[in-house]
Amino acid sequence: MDAIVAQELRKHYRTVQALDGVSFAVREGEVFGLLGPNGAGKSTTVRVLATLTRPDSGRAYVAGEDVVAHPARVRAAIGYVAQDSGVDWEATGRENLLLQGRIHGLAGRSLRARVDELLELVGLTEAADRPARGYSGGMKRRLDIAIGLVHRPRVLFLDEPTTGLDPEARAAMWVEVERLAREQHLTILLTTHYLEEADRLAERVAIVSRGRVVVEGPPEELKAGLRGDSVTVELDRLDGRAQEAAEIVARIEGAQETVVEGDQLRTRVPNGANAVPAILSALEARGIPVASVTTARPSLDDVYLHYTGRDFAAEDELGGGR
Amino acid sequence: MILRTVRHTGWMVVRQARNLMREPIWIAMMIIQPLIWLLLYGQLFSRVPQLRGDASTYVEFLTPGIVCMNAFFGGMWAGMAMINDLDRHVIDRFLASPASRVAIVLSQVVRAGITSVLQALLLLAIGYALGVRVHGGAPGWLVAVAAAALLAMVFAGFSHGIALLVRREASMIATANFVGLPLMFLSSILLTTRTMPGWMQDVSRYNPVNWGVEAARNAVVVGGAWWTNGQFLLLLAAAAAVTTAFATWSFRAYQRSL
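Chains as they are written, first to last, in the numbering used here: chain A, 1 to 322; chain B, 1001 to 1258.
Read the hints as simulated data drawn from the structure, not as lab findings.
We put the CB at the ideal spot given by N, CA and C, even for glycine.
It cannot be assumed that every hint is accurate.
Claimed, not checked - Each pair of labels, with its calculated beta carbon distance range:
id: 1; chain 1: A; residue 1: V175; chain 2: B; residue 2: W1026; range: 38 to 46 Å
id: 2; chain 1: A; residue 1: V68; chain 2: B; residue 2: V1242; range: 56 to 64 Å
id: 3; chain 1: B; residue 1: M1001; chain 2: A; residue 2: R54; range: 19 to 27 Å
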């Protein structure tokens, strides 16, 4: 059975079409990633699924329940960890958890035991009785996750779980999510605009762009679907000749999806090793100096480019907001 | 359903009260500020006998007024807690959970009422030390404290309605000042309505602040007029129901905006 089904979800805010027909399905027990640049509609999708936002049209089912018709049943079955921490700063970690547990109908000794267990799980036992105001960003994030888990939900939403964390805390969070997925028998839907995060954590991803799902599948398959290698050329002293460089490289046999971003030119070719000398000589023949060339197997970056025709990093800068 | 709302409201009141108890400066201000008003205004106007109506001393006249002013301002600023919860995304977290929607708003109103009861008791005790006797006896204390609680709830409902519509601290402060000060001067908190121009006396009759002040003052100074006092308290209870409904409506508008 599918734990989450979204069908043609649409939602607009004033003049912005945040969701423009989002459809995907998440299997029970799976870690599923919604990957997309800032502003693509990932958070809005999660907010619809978590019953916070009503879609303009389309249907969605979470744990078998319709999110619009039976929001209360959905709420009982889900844990929602929003992009922005929902921790009550003045309350201690333990108090935050106790209140959330009571709201979910837990009480007495079993509630206290559950709270102890969760504090242990996210490594906050030491800090449990200090007000959350004094927690670090990573600690607040872990408390958020514990709050989302207090009632043993069937589905957990993690909206941008590592945004705003330093690299060390991010790595720790990845280990945490992997462990949750393994040990808690949960379906996890996570959104991210970090390609490497989706690659590492998600068994399957849906790539979201401008309110639509452009492609869905396991990261490995998506990357394997793009045959050939990706070539990245670092250009030197470009002097406004970026467009010219892109045109030169695009003319090389087999080169597709050639883009320039800053001093970097990226393209995809059937065989990297064969194409590199041709690219170098073509650029040098026109007097465009090259600093370095690297070839690699396609990444999710290339998958995004392939399906949307746009560069992920550039879109991410443009986006912002929801 | 109702039982669930009551239970959730209880937990949320405990949460807010506990959070406030962790703010020592807030507690200090809640105690010191009404004291300063009582002592400062008590001195300022004590030599003008016309101001105090039928009270034997100005401080006797002023004490029930300050009890109500304090409750009224406390309620008026209560919406700041909601803005804080909105900013910290605590409200959104509750909304994605089975938390009672009504309890989220109602608890804030109830919390404001409880705070003003404690302050009213403190102020009446200080008044006692300054020689102010509640002439209405035990029912008098009850009426004065009830007036304070209801006033705080009327304006806490209003304040939360505004907070949920504007959702910004600066706009909230501007609105509270814009509404708060005129209502204060259109009431008999500091001086009897008899000293006001005729039109102001008329307006003050429709001012909920004045309903509370009149009831509390009757209870303290006159020690009677129970029928009138009951009417004032009923009016305040009705007003509290209206402003709480307004706050719940605003809360739904906020949910729709998500």
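Verification of the hints:
Range check, A/V175 to B/W1026: about 40 Å between beta-carbon atoms, so the 38 to 46 Å window is met. Between A/V68 and B/V1242 the beta carbons are some 31 Å apart, a value that contradicts the proposed interval 56 to 64 Å. Roughly 22 Å separates the CB atoms of B/M1001 and A/R54, a value that falls within the hinted 19 to 27 Å.
Checked against the numbered hints given earlier, the structure breaks only hint 2 and satisfies all the rest.
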